[in-house]
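With the hints as extra help, turn the sequences into a complete structure.
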Amino acid sequence: GNSVTQMEGPVTLSEEAFLTINCTYTATGYPSLFWYVQYPGEGLQLLLKATKADDKGSNKGFEATYRKETTSFHLEKGSVQVSDSAVYFCALNKNQAGTALIFGKGTTLSVSS
Amino acid sequence: GAVVSQHPSRVICKSGTSVKIECRSLDFQATTMFWYRQFPKQSLMLMATSNEGSKATYEQGVEKDKFLINHASLTLSTLTVTSAHPEDSSFYICSARAPVSGGEKLFFGSGTQLSVL
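Line by line, the protein sequences are chains G and W. Residue 725 is where the first sequence ends in our numbering, and the numbering goes up by one at each step. Residue 123 is where the second sequence ends in our numbering, and the numbering goes up by one at each step.
Hint data in this document are derived by calculation from the structure and do not stem from the laboratory. Incorrect hints may have been included.
[Stated by the list, open to error] No farther apart than 25 Å at their CA atoms in a straight line, the calculated lysine-lysine pairs in the BS3-like style are these: (1) K111(W) with K72(W); (2) K72(W) with K20(W); (3) K47(W) with K717(G); (4) K47(W) with K706(G); (5) K111(W) with K717(G); (6) K111(W) with K680(G); (7) K661(G) with K47(W); (8) K672(G) with K111(W); (9) K111(W) with K661(G); (10) K661(G) with K706(G); (11) K689(G) with K47(W); (12) K664(G) with K111(W); (13) K689(G) with K717(G); (14) K680(G) with K668(G); (15) K717(G) with K664(G); (16) K61(W) with K706(G); (17) K20(W) with K706(G); (18) K680(G) with K717(G); (19) K20(W) with K61(W); (20) K111(W) with K668(G); (21) K668(G) with K706(G); (22) K717(G) with K672(G).
[To be verified] Covered stretches of chain W, going by a simulated chain G footprint (3 or more residues, C-beta under 8 Å): (23) 70-80; (24) 111-123.
From a predicted model like this one, the values you see are computed outputs, not experimental measurements. The C-beta atom is built at its ideal place from N, Cα and C for all residues, glycine as well.
Have a look at this one:
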């Protein structure tokens, strides 16, 4: 079946450190891949997405590349800020009408100054 | 941008009581809403898909008589946990599908933490 596996947290970094949160997926066909972020007390927000192999999604300094050969969509940021502290969810969509997203467990990121 | 309001954010109830969670799309009409549940350190698990004016579609293993979903209008879906028990304690999140230029987009509520004593 379809599933998403992302690295266990929490991830604790100092400001300006490099961030990687690993995400791998299992899916039939050609899913779209997403990273969502949830800041404290808020709903999930779409951070970035990629819809086909080798696409790179980017937003707010975060990037992730759709790697079909390794079935991965790792999230990276070159220099994190305290305001990036949140829970990050990797997700996939089977690209079928009416289907919901399939999520990973979420990774908590804490950035200290 | 589109906003989904979910209420309450936190609820504590006694075992055997029922709890209603509301999910509202504030500035768009959502023909489809999704309800998820998350246990600690687990994935967000889809419980059901709610379509306005019709019965919800439940995922395998989710009891439809226990988790009542009503989507009576294009801006409101409710999830009622009936006769709640401690094992129903979880984090519940709704999402709504909104039409945007070029396609669709999903917006999420901030979640409801349910604790059943």
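Let me make sure I understand: some of the numbered hints might not hold for this structure. Which ones are they, in numerical order?
1, 17, 19 and 23
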